[in-house]
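Participant: Using the sequences and the hints given, assemble the complete structure.
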Amino acid sequence: MNSYIKFWITGILPFFALILSCEFEPGEVPESHIQKPSVIPPTITLDITPDTDTLWVNESVIIRYHAITIPRNLILVAFAVDDSVIYQRSWDLQGPIEMTLEIAPYEDGLHTLYMTYITNSNSGSIADKTGNEGYMYVLEWPLVIDRTTEHRLKIFPIVPVNNGVLLEWEGFIHPAFNNYTITKYSDSYHQSKTLAIITDPGITHFIDSTYLEGEKAHYTVGLNWQFGSQSDYSEMPEPPDVSQTGPFSVKISWKKTRNPAMLGYYLLYANQLYPLPIEDIVVTDADSTSRELNNISFGRDYIFSIQYIPKAYTYSVPTNWINYAEKSFALGDSMESHDISRGIPGGNDILLIKGNQVNNYNIVTGESMPFLNVDFDIAWAINVTPDGNHFGYSSHEEFILRNITTNDIVYTVQYPAFSSYRLVMYTLSSNFRMLAGYEDGRMIIYDLPTGQVEAEFNYGSRVYAKISPDGNHVMMRDYNNPTNQIYFEVVDSTFVEIANTQENNALQRSFTFSPDNRLFLFYTGRVEIRNALDYSIINQYDLPAGYIDAWDFDNNQILAYDYYTNTGYVMDINTGMLMKTIKMYSGEFINLKSNFVTTGLGRKLNLDFISGQRASGMHKHKILTQPISKMMLK
Amino acid sequence: MKILIIAGSFFLLSVMHGQEIKLPFSTIGFTQGFGYYFQSDLKDVNKEVSNSLPFEVVTVNNFPVRIFWGGYLAIPLGIKVNVGLNYGFHSTGSRIGQKDYSGSYTFDQILTSHALSIFGDILLSHTEHLRGYFHLNAGADIASWEIREKLNISSVSQNDEVEFRAVCPFVEPALVLKRQFNHRIGLSLRAGYHLSFTAEYHHPSNNNIKTEMKPGWSGPRISLNLDYNLYNEYKNKK
Chain L
1 MNSYIKFWIT GILPFFALIL SCEFEPGEVP ESHIQKPSVI PPTITLDITP DTDTLWVNES
61 VIIRYHAITI PRNLILVAFA VDDSVIYQRS WDLQGPIEMT LEIAPYEDGL HTLYMTYITN
121 SNSGSIADKT GNEGYMYVLE WPLVIDRTTE HRLKIFPIVP VNNGVLLEWE GFIHPAFNNY
181 TITKYSDSYH QSKTLAIITD PGITHFIDST YLEGEKAHYT VGLNWQFGSQ SDYSEMPEPP
241 DVSQTGPFSV KISWKKTRNP AMLGYYLLYA NQLYPLPIED IVVTDADSTS RELNNISFGR
301 DYIFSIQYIP KAYTYSVPTN WINYAEKSFA LGDSMESHDI SRGIPGGNDI LLIKGNQVNN
361 YNIVTGESMP FLNVDFDIAW AINVTPDGNH FGYSSHEEFI LRNITTNDIV YTVQYPAFSS
421 YRLVMYTLSS NFRMLAGYED GRMIIYDLPT GQVEAEFNYG SRVYAKISPD GNHVMMRDYN
481 NPTNQIYFEV VDSTFVEIAN TQENNALQRS FTFSPDNRLF LFYTGRVEIR NALDYSIINQ
541 YDLPAGYIDA WDFDNNQILA YDYYTNTGYV MDINTGMLMK TIKMYSGEFI NLKSNFVTTG
601 LGRKLNLDFI SGQRASGMHK HKILTQPISK MMLK
Chain C
1 MKILIIAGSF FLLSVMHGQE IKLPFSTIGF TQGFGYYFQS DLKDVNKEVS NSLPFEVVTV
61 NNFPVRIFWG GYLAIPLGIK VNVGLNYGFH STGSRIGQKD YSGSYTFDQI LTSHALSIFG
121 DILLSHTEHL RGYFHLNAGA DIASWEIREK LNISSVSQND EVEFRAVCPF VEPALVLKRQ
181 FNHRIGLSLR AGYHLSFTAE YHHPSNNNIK TEMKPGWSGP RISLNLDYNL YNEYKNKK
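If you read the sequences in order, they're chains L and C.
When the letters of the first sequence are read in order and numbered with the numbering used here, they come out as residues 1 to 634.
When the letters of the second sequence are read in order and numbered with the numbering used here, they come out as residues 1 to 238.
Keep in mind the hints are simulated off the structure, nothing from the lab.
Heads up, simulated DSS-like pairs for lysine-lysine below, C-alpha to C-alpha not over 25 Å straight-line:
hint, chain 1, residue 1, chain 2, residue 2
1, L, K129, C, K150
2, L, K36, C, K99
3, C, K43, C, K99
4, C, K99, L, K129
5, C, K47, C, K214
6, L, K36, C, K150
7, L, K129, C, K43
Facilitator: Here it is, written out as structure tokens:
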């Protein structure tokens with residue numbers, strides 16, 4: 001071997017090998033003492049919209065998410081539909097963030113949207129700091145893709161059942177099915193409530209045991225969520241039954257609720273606020289279904305209402321949105337309703353005037369005959385002669401007198417038409433005289449057979465006046481100031497003043513002549529009976545209260561009415577002896593006839609059924625000094 | 001491994017010594033010494049890397065004082081001057097890194113240099129057994145700058161390595177104190193300063209890829225040198 005080569009091989013190369021082996025080698029890195037993070041993931045809060053248990057879509061949808069992971073950092077969000085990742089984001093993850101889920105690649109049906117959220121572990125380790133260590137949260141969201149235009153479940157008619165109402169609907173067997181969500185909006189509570197979520201597609205009915213009679217409910221049967229087909233159901237309770245249990249008392253009964261568990265209380269009330277209000281009655285016992293009410297007034301239509309008030313969810317239930325059932329009731333027996341009535345002396349008949357129609361009604365038998373239909377110049381103004389043989393009225397500026405039995409016209413008088421002053425009233429005597437009063441205060445006595453003016457007087461202002469049954473006397477009160485009253489005798493076609501007095505308690509039209517020619521003057525709390533011939537006083541008595549509302553000379557009865565207590569007092573018209581006390585209301589026209597009190601509402605109250613005394617000492621057509629002229633006028 | 005290499009080298013050298021080989025120089029020498037390499041720029045690199053990382057790191061090595069090896073061949077020019085060829089191998093480096101239950105991270109910078117030079121020794125003074133020389137060494141550092149970054153997390157590993165090379169001229173003046181034990185063997189202590197001139201580092205396979213940084217090799221050097229006189233001329237001249 002060449003010596004040089006040998007030198008290099010044996011000397012130099014080992015030398016180089018020696019020194020090359022001395023290249024710098026770094027030391028080992030000491031291990032830190034960072035603790036491993038817990039294997040139990042800490043809680044995070046996810047705020048995701050749409051906020052539904054199932055994401056039901058028929059088109060692409062925007063999903064908004066916001067993950068609260070403090071103190072850890074959200075480092076990755078990824079969404080996957082079934083097995084395919086469709087969305088991934090690792091930057092700027094401070095929410096809320098929106099992403100659009102495109103449904104074009106997927107078939108209709110049930111899918112799963114996996115929403116993966118990854119946070120760091122916050123351990124401080126290398127893996128943590130480099131984003132390779134953390135916690136992963138996966139939310140599985142059922143995704144229903146259903147491109148069919150609409151899935152409206154047909155709801156069958158809702159029917160009442162024992163403890164509520166039964167809802168039935170058409171079933172939905174479909175891969176997209178998740179549940180039927182039954183919700184109800186109730187007017188009783190002004191709020192919605194989810195009643196049930198049914199996950200079996202084969203169950204297509206539900207009994208709402210929270211329903212109570214009268215509730216106005218709006219049901220929704222939703223497919224997989226709370227929106228869907230809707231059906232209103234509003235049940236009317238059965239009207240209560242009202243029966244009279246005493247002269248002025250009634251018993252009101254209603255049907256027991258079929259859902260006692262939901263009943264808060266029965267609410268019974270009357271729509272009548274006046275004269276004396278009946279306070280609302282609350283009945284909390286579901287088995288208690290009747291109440292008796294006393295102090296029911298005659299002359300008033302009552303409407304009794306019953307409501308079934310449900311138990312409150314959280315606060316008191318407003319009752320005005322709950323259906324109620326009502327039943328009307330009025331004391332007494334039924335008769336024809338009327339505007340005014342005129343009793344016919346000497347029998348049980350009474351003329352009932354309603355608008356232009358006049359019927360002759362027998363108050364005892366209840367028989368009614370159409371009697372007349374006429375255009376009145378003065379509304380309802382019919383007068384019956386005191387003897388009860390004729391009646392008269394004005395129509396088309398004529399005064400017509402008819403026979404009350406045959407209804408034939410006896411006389412027709414064209415009364416003067418004063419262009420400036422209209423006819424405002426008239427009364428009849430039993431001898432065919434008529435006193436007409438005009439607006440200007442003019443009083444004219446006509447002789448009906450001849451149509452001539454017998455006498456005339458002008459008081460100067462409007463008056464209220466009546467002629468006596470004998471046709472020779474006139475009682476007048478100032479219409480506007482009824483404390484001024486004048487009594488006239490007609491002598492030689494002249495009004496001769498017999499008395500001119502001031503009576504503080506005089507009531508405007510409250511005076512009348514009896515058929516036996518007595519003058520009854522009615523004042524507040526008092527009655528005066530005078531001789532119609534000379535105005536001398538025969539008797540006077542005080543009233544228990546109020547003022548005179550009706551009288552019946554055939555039965556010697558007079559009815560006083562106390563407005564404040566809504567009490568009627570039936571008294572002997574001659575003596576003032578109290579015979580009957582009745583609960584009544586004088587809102588409509590009240591009359592007395594044949595021991596009945598009548599009201600324009602169409603009711604009559606038989607006073608025989610009211611405890612008390614009948615009138616004694618009948619003064620039937622007693623003649624004083626003149627031929628009898630029966631008269632009954634109000 | 002290093003021990004085996006060193007042992008093998010001396011074994012071969014002893015074999016060679018037993019042969020009758022005529023070489024064109026009279027003295028062969030071996031050098032072992034300590035070198036300090038400033039490398040302030042590369043230390044800054046470590047700081048920048050450390051700051052850029054999301055986790056804390058520790059500095060394991062930061063261009064420490066290192067042993068270097070070398071050798072030389074010399075020819076005497078008279079009794080006061082020696083000239084020759086010198087070779088030295090230098091290597092230093094740094095490591096920053098982190099290690100925990102989840103994995104490890106290291107960032108290493110490895111610098112190596114093959115310093116080739118010519119030198120001259122001028123005798124300044126001497127006694128019976130000691131001689132003092134002024135030593136001047138001039139040549140070039142054939143340098144390599146290797147960067148290794150390694151991240152292990154669980155079973156996943158990510159490695160990045162890149163190497164740049166450069167030829168950096170240098171001069172290294174030194175003073176030498178030498179003890180001659182016999183006519184063949186002498187031992188000297190050399191102390192000097194390696195003054196390196198910067199040069200561009202470039203990628204080994206593409207010279208156009210250059211670094212902005214130009215790590216040099218400047219720094220103090222101190223070494224022990226073992227001479228072996230091949231032809232006993234020292235004894236004759238003495």
